[in-house]
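Given chain A, work out where chain B should sit, using these hints.
Chain by chain, the residues:
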Amino acid sequence: MSSTENALTNGSAAAATLASGIGCLTMGVLTTLTEAVASVGRLLNFYNPTGNLSGKTLTTVLVWLISWAIFRARWKEKEVDFGKVFTLSLVLIGLGFLGTFPPFFDLIAG
Amino acid sequence: MWLSSRELWTTIHGMGLGAGFLLLFTGTWALLWGIRSGWVTTVGIEVHRRLASTVAWLMAAFAWLTVIVGTYIPYIWYRAIPPDGADLTKFPRSYLLAHPNLAMLHSFGMEWKEHVAWLAPLLATAAAYLISRFAPRMAEDSKLRNAGLTLLTLAFAAAAVAGMLGAFLTKAAPVH
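The listed protein sequences correspond, in order, to chains A and B. Quick note, the first sequence lines up with residues 1 to 110 if you use this note's numbering. Quick note, the second sequence lines up with residues 1001 to 1176 if you use this note's numbering.
Here chain A stands alone, though its shape is the one from the complex:
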């Protein structure tokens, strides 16, 4: 392994991990919101043949990429507490899974 690779700080790894959590959370929140609030569902209907799935997925991808870029810019030269960032990411991913789970969003939507 090269010295350059050894010298890498873990900041950009933390940024990628946290951004994946933020992306998952976004998908979960948007899924639940579109079920609970009809106007959000209409707003996210970017492409009629696929309905609001188009808006949910495109918005999720944009939020994921933007959050990755922001955290990477902030942390790429830094050594961060990866354990804490990873734990937070797991919580966000878990909430993302929960938000896409029909019994959960049906419960929220009433």
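Each hint should be verified, as a subset may be incorrect.
[Stated by the list, open to error] Okay, the calculated beta carbon distance ranges per label pair:
1) A:110 <-> B:1027: 38 to 48 Å
2) A:84 <-> B:1004: 20 to 30 Å
3) B:1103 <-> A:58: 25 to 35 Å
4) A:49 <-> B:1043: 45 to 55 Å
5) B:1008 <-> A:110: 17 to 27 Å
6) B:1039 <-> A:84: 21 to 31 Å
7) B:1107 <-> A:47: 18 to 28 Å
FYI, nobody ran anything at the bench for these hints, they're computed from the structure. Note that this is a predicted model, so its numbers are computed, not measured. Positions of the beta carbon are idealized from the N, C-alpha and C atoms, including for glycine.
For chain B alone, coordinates are given in the frame of chain A:
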């Protein structure tokens, strides 16, 4: 032709891209598990890194292609609104909802599948990035390696749920 274009695209989505993702997951996971300084030489770590990176990025690409193809090709046919008096077997969503014993396959199965599947490419891409950039450090740093393995496993879980539900849906209401 023995497969209609709709059947062909559904097969590409599920049996080609989706199954490819699941297979590549296994290889990536095993390669990453083996990247440990106590187990392999520095040359071995570099070989593992190159191989794991290639397989991981392929896996991420398969995940993206699976969800994009699924959302913008078969899903459009799945949710199309049938005209009055149409044969509902050509409109899977309407067919399922018209049969009370099958309606749950849409209200639970498809509703979960179409959303949870999109978590897989996000998680697989993060894992591929970690592996390609940090594999040498992962050989020493178990936190980083375990994070990569966990992200891979969660991507697999999302894809496996979507794939399993897709199989049930295809069995009950195939896209013709």
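Against the structure, the hints come out as follows:
For the pair residue 110 of chain A and residue 1027 of chain B, the beta carbons lie near 45 Å from each other, so the given range of 38 to 48 Å is met. At roughly 52 Å, the beta-carbon separation of residue 84 of chain A and residue 1004 of chain B lies outside the given 20 to 30 Å, and the hint is violated. A hinted range of 25 to 35 Å for the beta carbons of residue 1103 of chain B and residue 58 of chain A is consistent with their spacing of about 29 Å. For the pair residue 49 of chain A and residue 1043 of chain B, the beta carbons lie near 52 Å from each other, so the given range of 45 to 55 Å is met.
In this structure the hint that residue 1008 of chain B and residue 110 of chain A lie 17 to 27 Å apart at CB is violated, the actual value being about 41 Å. For the pair residue 1039 of chain B and residue 84 of chain A, the beta carbons lie near 28 Å from each other, so the given range of 21 to 31 Å is met. As the Cβ distance of residue 1107 of chain B to residue 47 of chain A is approximately 23 Å, the hint placing it in 18 to 28 Å holds.
Violated hints for the displayed structure, listed by number in ascending order: 2, 5.
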